[in-house]
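J.: Each chain is listed here by its residues.
2 protein chains.
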Amino acid sequence: MSEKRVGKQSIVFNDPPIIVSYASVAGKKESEGPQGKYYDIASDTDLFQGKNWEEAESRMQLMAANTALEKSSFKSEDIDYIVAGDLLGQLMATSFGIKQLEIPLFGVYGACSTMGESLALSAMLIDGNYADRVVCLTSSHFATAEKQFRFPLGYGNQRPLSATTTVTGSGALVVTSPRCNKVDLNKTQLRITGITTGKIVDYGIKDPNNMGAAMAPAAYDLISCHAKDFNTDFSDYDCVVTGDLGMVGTNILYDMLKTENISIENIHMDCGMHVYDRKKQDAHSGGSGCGCAAITLCGPILKKMMDKTWKKILFIPTGALMSTVSFHEGNTIPGIAHGVVIEA
Amino acid sequence: MSEKRVGKQSIVFNDPPIIVSYASVAGKKESEGPQGKYYDIASDTDLFQGKNWEEAESRMQLMAANTALEKSSFKSEDIDYIVAGDLLGQLMATSFGIKQLEIPLFGVYGACSTMGESLALSAMLIDGNYADRVVCLTSSHFATAEKQFRFPLGYGNQRPLSATTTVTGSGALVVTSPRCNKVDLNKTQLRITGITTGKIVDYGIKDPNNMGAAMAPAAYDLISCHAKDFNTDFSDYDCVVTGDLGMVGTNILYDMLKTENISIENIHMDCGMHVYDRKKQDAHSGGSGCGCAAITLCGPILKKMMDKTWKKILFIPTGALMSTVSFHEGNTIPGIAHGVVIEA
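Protein chains in written order, with my numbering: chain A, 9 to 352; chain B, 9 to 352.
Source of the hints: derived by calculation from the structure; they are not laboratory data. Remember, predicted model here, so these are calculated numbers, not experimental data. In this text, a Cβ means the ideal position worked out from N, Cα and C, and glycines have one as well. Be aware that a few hints might be false.
[Claimed, not checked] Here are the computed lysine-lysine pairs in the DSS-like style, where the Cα-Cα straight-line distance is at most 30 angstroms: (1) 316/B to 16/A; (2) 155/B to 214/A; (3) 83/A to 12/B; (4) 236/A to 316/B; (5) 59/A to 155/B; (6) 214/B to 12/A; (7) 214/B to 12/B; (8) 16/A to 36/A; (9) 155/A to 214/B; (10) 12/B to 16/A; (11) 45/A to 236/A; (12) 319/A to 79/A; (13) 59/A to 214/B; (14) 214/A to 45/A; (15) 36/A to 83/A; (16) 155/B to 155/A; (17) 16/B to 83/A.
[Stated by the list, open to error] Simulated DEER-style distance windows between Cβ atoms: (18) 45/B to 161/A: 48 to 58 angstroms; (19) 319/A to 83/B: 58 to 68 angstroms; (20) 164/B to 162/A: 45 to 55 angstroms; (21) 161/A to 164/B: 28 to 38 angstroms.
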């Protein structure tokens with residue numbers, strides 16, 4: 009077994025890849041929410057000058073990638089790989105969003121865990137000397153997701169209160185090798201110091217309006233595995249961030265972790281519960297989608313790390329691996345989670 | 009720039025990852041075709057004892073992975089990662105097919121180029137010491153693809169002669185580190201010696217019944233880039249394998265390569281033109297789908313390499329990055345291709 013691997017499912021980076029820049033693009037409702045001021049592009053429309061919702065989502069991805077590139081001062085031709093994906097069938101937002109960047113592409117799908125998968129693969133490609141600079145990118149859009157998984161918005165269907173609201177947003181990060189960007193001790197630098205890669209976890213939940221419950225076991229499995237692999241009780245972390253478990257999923261996660269005497273209540277944050285104002289904004293059970301974890305990471309979370317409010321976090325976006333077909337055929341909703349350790 | 013990188017988009021492995029085993033599972037029509045005798049599981053039904061087509065495709069993936077694992081003598085708990093994907097929205101065949109294997113998963117999507125993407129990422133994860141053993145897996149199924157991209161089979165719709173037939177099949181490979189399996193000079197071993205990663209290439213083709221034309225520019229771009237990166241005129245290759253360009257796409261590819269004075273006609277093979285008997289089997293313009301390149305690679309191609317008929321190939325599955333929504337919205341069909349050099 010390689011010395012880079014720790015425990016069963018984790019990797020530790022001794023010379024960690026550096027996040028040199030990040031950017032977030034958010035839709036109207038998200039921009040009006042409590043995190044609005046942290047987004048690079050806070051839009052007052054969800055169309056982003058596209059002709060339809062799918063094009064809007066593609067345009068968000070391109071804006072996020074271009075903004076992150078601008079902030080990094082790299083051009084697209086300096087980038088070795090882009091590791092990107094979204095929720096739409098055949099990764100449509102990515103395929104059409106980023107083609108003009110002309111960067112070699114690895115398309116990835118991990119449902120709402122996609123940003124975790126993208127960061128994990130990118131960190132290994134960089135640490136292993138296969139790339140010097142990689143862009144990680146993902147998105148989701150309320151209207152494209154409703155159209156694909158539920159009903160087109162024009163139908164005006166009613167959504168149950170247990171349903172989450174798919175976040176309209178896109179997040180991008182430029183990750184580089186420490187060989188290119190040496191750590192400047194006078195400057196805060198964000199580094200990816202470890203990863204824990206998730207397995208598919210299926211506890212038999214079948215309700216597509218209760219995705220928190222479907223994904224909580226995957227988050228539990230990942231956290232439990234991370235604790236063993238890194239031999240930690242999480243006292244060395246400032247925050248354990250989950251993607252979009254919502255209230256129901258969060259409570260299930262706490263209960264499951266109790267069986268292993270792991271307590272993260274005091275340092276846990278679920279992006280889905282922070283992206284909207286629960287009192288003022290009608291977002292039902294909170295936010296979800298690839299964009300939820302992505303804009304929260306590339307907005308308030310990394311901001312808190314840049315000003316050293318937080319020095320070490322475990323970022324665990326969670327995904328529900330259902331399709332538009334699977335739950336109509338009576339299938340369960342398997343979950344997956346990918347953990348990424350980020351240190352300032 | 010890292011010394012592992014060659015040229016703009018390629019990686020060379022000095023201590024190449026080893027393909028220790030591979031397996032192919034094929035549907036009825038494929039099993040009756042000219043390559044039938046090369047498949048590990050040649051089925052006389054397309055349902056594979058599933059209750060519906062999606063479940064059938066999931067079962068194929070599990071059978072392919074399990075057969076490859078058996079042949080490798082590894083168990084699923086010995087495997088560090090599985091890098092897998094398929095054509096269905098939200099990678100449904102993978103999500104439901106492999107959950108019982110309980111292997112950390114990187115879900116990937118590159119349309120019909122998925123096996124190339126999976127092999128490329130797996131080779132880097134192994135060569136970089138992040139994994140010792142990885143399973144690469146993909147599939148496609150005629151009935152699930154028709155249902156998703158065109159019409160459910162029950163409608164009995166007519167398909168134009170220019171349309172390809174999505175292959176019902178799944179291929180799996182177990183790739184390991186040379187650190188675990190030393191090269192035995194008395195035994196043929198298959199090794200991944202290099203990769204060239206593709207960009208999205210879009211020449212504006214809009215006809216979903218002419219995917220060969222949509223993907224040919226991506227294959228051209230990849231081959232042209234590979235020639236420059238590896239400084240080769242392909243005289244050192246026994247075969248350049250494309251995935252599913254068909255007759256139309258193949259001719260376009262040859263014409264495009266002529267503009268750069270690259271000639272591969274004598275050593276080129278397109279899996280889509282070999283998977284069915286063009287005279288006896290009504291497969292319209294040939295085979296396509298992730299499964300087409302996968303079962304041809306994990307069937308006749310690697311067989312030819314094991315008996316040293318071929319010693320070095322460039323495997324380039326090509327993908328059409330359209331979705332069920334995109335072409336109805338009048339979008340083009342962007343293509344992508346991923347190249348993998350395999351040597352015996």
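J.: Hint by hint, note whether the structure agrees.
T.: Here's how the hints hold up against the structure:
1. Straight-line distance between C-alpha atoms of residue 316/B and residue 16/A comes to about 37 angstroms, which puts the hinted pair past the 30 angstroms bound.
2. Annotation: proposed proximity of residue 155/B to residue 214/A holds, straight-line Cα distance about 23 angstroms (limit 30 angstroms).
3. A C-alpha spacing of about 22 angstroms is found between residue 83/A and residue 12/B, which places the hinted pair at or below 30 angstroms, so the restraint holds.
4. For the proposed pair residue 236/A and residue 316/B, the alpha carbon gap of about 46 angstroms is over 30 angstroms, so the pair is violated.
5. Only pairs whose Cα atoms come within 30 angstroms are accepted, and residue 59/A paired with residue 155/B is accepted, the gap being roughly 27 angstroms.
6. For the proposed pair residue 214/B and residue 12/A, the alpha carbon gap of about 46 angstroms is over 30 angstroms, so the pair is violated.
7. For the suggested pair residue 214/B and residue 12/B, the alpha carbons sit about 38 angstroms apart, so the restraint of at most 30 angstroms is broken.
8. Restraint check: the Cα-Cα separation between residue 16/A and residue 36/A comes to about 42 angstroms, which exceeds 30 angstroms; the hinted pair is violated.
9. Distance check on the hinted pair: residue 155/A and residue 214/B sit about 23 angstroms apart at the alpha-carbon level, within 30 angstroms; holds.
10. Between residue 12/B and residue 16/A the CA atoms are separated by roughly 27 angstroms; this keeps the pair inside 30 angstroms, and the hint holds.
11. For the proposed pair residue 45/A and residue 236/A, the alpha carbon gap of about 37 angstroms is over 30 angstroms, so the pair is violated.
12. About 22 angstroms separates the Cα atoms of residue 319/A and residue 79/A, which keeps this hinted pair within 30 angstroms; it holds.
13. At most 30 angstroms may separate the alpha-carbon atoms for a hinted pair to count; residue 59/A and residue 214/B meet this at roughly 18 angstroms.
14. For the given pair, residue 214/A sits about 37 angstroms from residue 45/A by alpha-carbon distance, which is inconsistent with the 30 angstroms threshold.
15. The suggested pairing of residue 36/A with residue 83/A holds, with an alpha-carbon distance near 29 angstroms, which does not exceed 30 angstroms.
16. For the hint pairing residue 155/B with residue 155/A, the CA-to-CA distance comes to about 18 angstroms; that is within 30 angstroms, so the pair holds.
17. Proposed proximity of residue 16/B and residue 83/A is supported: the alpha carbons are some 15 angstroms apart, at most 30 angstroms.
18. Taken as a hint, the range 48 to 58 angstroms holds for the pair residue 45/B and residue 161/A, whose Cβ atoms sit roughly 53 angstroms apart.
19. Distance hint for residue 319/A and residue 83/B: a CB-CB separation of about 40 angstroms, inconsistent with the stated range 58 to 68 angstroms.
20. Take residue 164/B and residue 162/A: their Cβ atoms lie about 31 angstroms apart, and the range 45 to 55 angstroms is violated.
21. Separation of residue 161/A from residue 164/B is about 33 angstroms and conforms to the stated range, judged on CB atoms against 28 to 38 angstroms.
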